[in-house]
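2 protein chains.
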Amino acid sequence: MTLDLLDTPAAIIDVSRMQRNIASMQKRMDALGVKFRPHVKTSKCLNVVRAQLSAGARGITVSTLKEAENFFAAGITDILYAVSIAPSKLWRAAALRKRGCDLKITVDNASAATAIVEFARTQRDPLEVWIEIDTDGHRSGIKPEDDALLDIGRILQAGAVKVGGVMTHAGSSYELNTREALTALAEQERAGCVGAAQRLRSTGIACETVSIGSTPTALAATNLDGVTEVRAGVYAFFDLVMHNIGVCAIEDIALSVLTTVIGHQQDKGWVIVDAGWMAMSRDRGTSKQSHDFGYGLPCALDGTPLDGYMLIGANQEHGILARARPEHTADRGDVALRFPVGTRLRILPNHACATGAQFPQYHALELSGHLTEWGRFHGW
Amino acid sequence: MTLDLLDTPAAIIDVSRMQRNIASMQKRMDALGVKFRPHVKTSKCLNVVRAQLSAGARGITVSTLKEAENFFAAGITDILYAVSIAPSKLWRAAALRKRGCDLKITVDNASAATAIVEFARTQRDPLEVWIEIDTDGHRSGIKPEDDALLDIGRILQAGAVKVGGVMTHAGSSYELNTREALTALAEQERAGCVGAAQRLRSTGIACETVSIGSTPTALAATNLDGVTEVRAGVYAFFDLVMHNIGVCAIEDIALSVLTTVIGHQQDKGWVIVDAGWMAMSRDRGTSKQSHDFGYGLPCALDGTPLDGYMLIGANQEHGILARARPEHTADRGDVALRFPVGTRLRILPNHACATGAQFPQYHALELSGHLTEWGRFHGW
Numbered sequence: 001m002t003l004d005l006l007d008t009p010a011a012i013i014d015v016s017r018m019q020r021n022i023a024s025m026q027k028r029m030d031a032l033g034v035k036f037r038p039h040v041k042t043s044k045c046l047n048v049v050r051a052q053l054s055a056g057a058r059g060i061t062v063s064t065l066k067e068a069e070n071f072f073a074a075g076i077t078d079i080l081y082a083v084s085i086a087p088s089k090l091w092r093a094a095a096l097r098k099r100g101c102d103l104k105i106t107v108d109n110a111s112a113a114t115a116i117v118e119f120a121r122t123q124r125d126p127l128e129v130w131i132e133i134d135t136d137g138h139r140s141g142i143k144p145e146d147d148a149l150l151d152i153g154r155i156l157q158a159g160a161v162k163v164g165g166v167m168t169h170a171g172s173s174y175e176l177n178t179r180e181a182l183t184a185l186a187e188q189e190r191a192g193c194v195g196a197a198q199r200l201r202s203t204g205i206a207c208e209t210v211s212i213g214s215t216p217t218a219l220a221a222t223n224l225d226g227v228t229e230v231r232a233g234v235y236a237f238f239d240l241v242m243h244n245i246g247v248c249a250i251e252d253i254a255l256s257v258l259t260t261v262i263g264h265q266q267d268k269g270w271v272i273v274d275a276g277w278m279a280m281s282r283d284r285g286t287s288k289q290s291h292d293f294g295y296g297l298p299c300a301l302d303g304t305p306l307d308g309y310m311l312i313g314a315n316q317e318h319g320i321l322a323r324a325r326p327e328h329t330a331d332r333g334d335v336a337l338r339f340p341v342g343t344r345l346r347i348l349p350n351h352a353c354a355t356g357a358q359f360p361q362y363h364a365l366e367l368s369g370h371l372t373e374w375g376r377f378h379g380w
Numbered sequence: 001m002t003l004d005l006l007d008t009p010a011a012i013i014d015v016s017r018m019q020r021n022i023a024s025m026q027k028r029m030d031a032l033g034v035k036f037r038p039h040v041k042t043s044k045c046l047n048v049v050r051a052q053l054s055a056g057a058r059g060i061t062v063s064t065l066k067e068a069e070n071f072f073a074a075g076i077t078d079i080l081y082a083v084s085i086a087p088s089k090l091w092r093a094a095a096l097r098k099r100g101c102d103l104k105i106t107v108d109n110a111s112a113a114t115a116i117v118e119f120a121r122t123q124r125d126p127l128e129v130w131i132e133i134d135t136d137g138h139r140s141g142i143k144p145e146d147d148a149l150l151d152i153g154r155i156l157q158a159g160a161v162k163v164g165g166v167m168t169h170a171g172s173s174y175e176l177n178t179r180e181a182l183t184a185l186a187e188q189e190r191a192g193c194v195g196a197a198q199r200l201r202s203t204g205i206a207c208e209t210v211s212i213g214s215t216p217t218a219l220a221a222t223n224l225d226g227v228t229e230v231r232a233g234v235y236a237f238f239d240l241v242m243h244n245i246g247v248c249a250i251e252d253i254a255l256s257v258l259t260t261v262i263g264h265q266q267d268k269g270w271v272i273v274d275a276g277w278m279a280m281s282r283d284r285g286t287s288k289q290s291h292d293f294g295y296g297l298p299c300a301l302d303g304t305p306l307d308g309y310m311l312i313g314a315n316q317e318h319g320i321l322a323r324a325r326p327e328h329t330a331d332r333g334d335v336a337l338r339f340p341v342g343t344r345l346r347i348l349p350n351h352a353c354a355t356g357a358q359f360p361q362y363h364a365l366e367l368s369g370h371l372t373e374w375g376r377f378h379g380w
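Quick mapping for you: the protein sequence lines, in order, are chains A and B.
Under my numbering, the first residue of the first sequence is numbered 1, with each subsequent residue one higher.
Under my numbering, the first residue of the second sequence is numbered 1, with each subsequent residue one higher.
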């Protein structure tokens, strides 16, 4: 199968770009002296995860128990479920552990910690829990200086549940776009998480692992003293949001949506393509960034960006491709000549995690032009 | 299975609301004297489509050939593929017709019409083509008064391809919110499409079917003279966007996302739930409407809206539920008391088509409280 023949829309992975992104991150983590535990929520694809592990990653991070189940079934045992667990999910987590999965769960509140202790006692599974730390105020977790941190640690330790570590995710890095700001946030992420571990250790809780990470901070950190592992997900594909943040070039983006021109509105300079929001996702992550790419940046079939164009709108199965700046109307009339019906394009997405999730499979593009289907799953 | 026990997040269909929505639309179409051809892109679920057909719908509308293949496999033969076809998809469409599917394809340009004629000639399949009309300038289609309409009709007719009808979709109805404006747009949609059919007929092209529709215009139209059928999709579930447009009440919304509270940030008044954008979708359709519901309107498990709250933010697997108006901070401190970890809620979505697509299956909730799994598919 080739790009000329594949049914559209389709999610294309440029394998050489992906391998380069994976190797580059791993090299950086090796140089910084930390383990690297990729977040597989981005791809939900065994082929991608195997490439990450082959490059040197140690264990994986998941955002759902379904991811844990799928990757454990494929032989991966060292898994961190990085969302504070709902007590009703303990049964499903424990079922994985009973089958031999070294699953670590996370928690950020005393209520769930108490439920975990009770579950561990009645089910005779010591579990392993990592405590989520909030180092930038963007979402969940306990602040490093909050006394609740020690309360949770004590609840777990008193209940004979292993406190395996602390983990944090500086997701506010997505709002930055300078190297200085990212490096500062990376240091804040590091210092907060290491500080939390030290507070726990000072009360006699071992807390072996200190796990931090987001793609932007992982790529900006200059010092990871006290950190034992880093997590990141979207770096394997990158996307337009990451480009605007400043941590990748357009030429690094490994995921694109193959689409076909199906019509025009010539008086408006519109090209209608068969990649709407069902293919691109509704993610408009670049809308508040320095460069708004609409629903995506169109490229020629060989990956060359069509500078000055973007996907300006999207319905469920229709995308509208046009000049990004409406004042550039000189070629309105000839869009049908430049992009005739049947023309194939590749659209770079705002957010690879969201776009990938719209597809039941990827098509991996080798340098030879050959395409191979790579399965992915969705749901919970 | 019940709402108390189901793994979260999960997509819940309130069956009695759905049946009421379906019956109400069908009754309206019957009264207006037109056939009704529901758009199944909303649900992609055979149980929902069977309910629509049982209520009196005649045939279905699809947005992808995968939908056509799936529903034809389930015994439905009268199918309109309502996206202007890419010539490369003709093989897949023709394969369905060869197996007995009465599939109608659409086109809005001479280039694809020429490809269709050539395909029909070489493959000895007369096909059936409907011409897409642009009655509101929001997307694709030929303007009713455009000479290209007659050109396309002539190309098809000369090539012995059946011109079965004209179809239009007044998607700009999503931007309106008064009965008067919707009724006016419905009349514009009707008049434009009927006018296009009359122009074709005046040149000797039969053009039997005149097909119009969007949920808002279908529910606002007062006169459908000359129209033979109406299409609509989201009416079966409705959603917050439709509520803002004014065509449904909150109590009509039949799709919700079941979620569990997994934590809090008490100082901010935040409740963290396990429905992030992967569950809700990234659709922010209400953001430019009169009432912005964030990523969704939370309800108690029995469906009662939690007025004053909304899903103010979403990461991939984390939703942030909080007071919709930040100044209402009196209860910030007690969110953990009002919504303890483990609390289950149901979140009404902005856009049912987008939210449903995030799930591999629905769970249909009967009045008894019993849940049944209803499969759905995704992809192309």
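To be clear, the hints were calculated from the coordinates, so they are not data collected in a lab.
Keep in mind that this is a model prediction, so the values were computed, not measured.
Some hints could be false.
What the hints assert, rightly or not - Straight-line alpha carbon distances no greater than 30 Å define the calculated DSSO-like cross-link-like pairs of lysine-lysine that follow: (1) B:LYS143 <-> B:LYS268; (2) A:LYS162 <-> B:LYS143; (3) A:LYS288 <-> B:LYS143.
What the hints assert, rightly or not - Sample of chain B residues with no beta-carbon within 12 Å of chain A, all distances over it, derived: (4) SER16; (5) GLN19; (6) GLN26; (7) GLY195.
Stated by the list, open to error - Counterexamples of contact, computed for chain A against chain B with all Cβ distances above 10 Å: (8) ASP7; (9) ALA86; (10) LYS89; (11) ALA112; (12) ARG139; (13) GLU175; (14) THR183; (15) ARG201; (16) LEU301; (17) ARG338.
In this text, a Cβ means the ideal position worked out from N, Cα and C, and glycines have one as well.
Verification of the hints:
{"no.": "1", "hint": "B:LYS143 <-> B:LYS268", "in the structure": "violated (52 Å)"}
{"no.": "2", "hint": "A:LYS162 <-> B:LYS143", "in the structure": "violated (68 Å)"}
{"no.": "3", "hint": "A:LYS288 <-> B:LYS143", "in the structure": "violated (35 Å)"}
{"no.": "4", "hint": "SER16", "in the structure": "holds (25 Å)"}
{"no.": "5", "hint": "GLN19", "in the structure": "holds (24 Å)"}
{"no.": "6", "hint": "GLN26", "in the structure": "holds (23 Å)"}
{"no.": "7", "hint": "GLY195", "in the structure": "holds (19 Å)"}
{"no.": "8", "hint": "ASP7", "in the structure": "violated (6 Å)"}
{"no.": "9", "hint": "ALA86", "in the structure": "violated (4 Å)"}
{"no.": "10", "hint": "LYS89", "in the structure": "violated (7 Å)"}
{"no.": "11", "hint": "ALA112", "in the structure": "violated (5 Å)"}
{"no.": "12", "hint": "ARG139", "in the structure": "violated (6 Å)"}
{"no.": "13", "hint": "GLU175", "in the structure": "holds (12 Å)"}
{"no.": "14", "hint": "THR183", "in the structure": "holds (23 Å)"}
{"no.": "15", "hint": "ARG201", "in the structure": "holds (24 Å)"}
{"no.": "16", "hint": "LEU301", "in the structure": "holds (13 Å)"}
{"no.": "17", "hint": "ARG338", "in the structure": "holds (13 Å)"}
This entry does not satisfy hints 1, 2, 3, 8, 9, 10, 11 and 12, going by the numbered hints stated previously.
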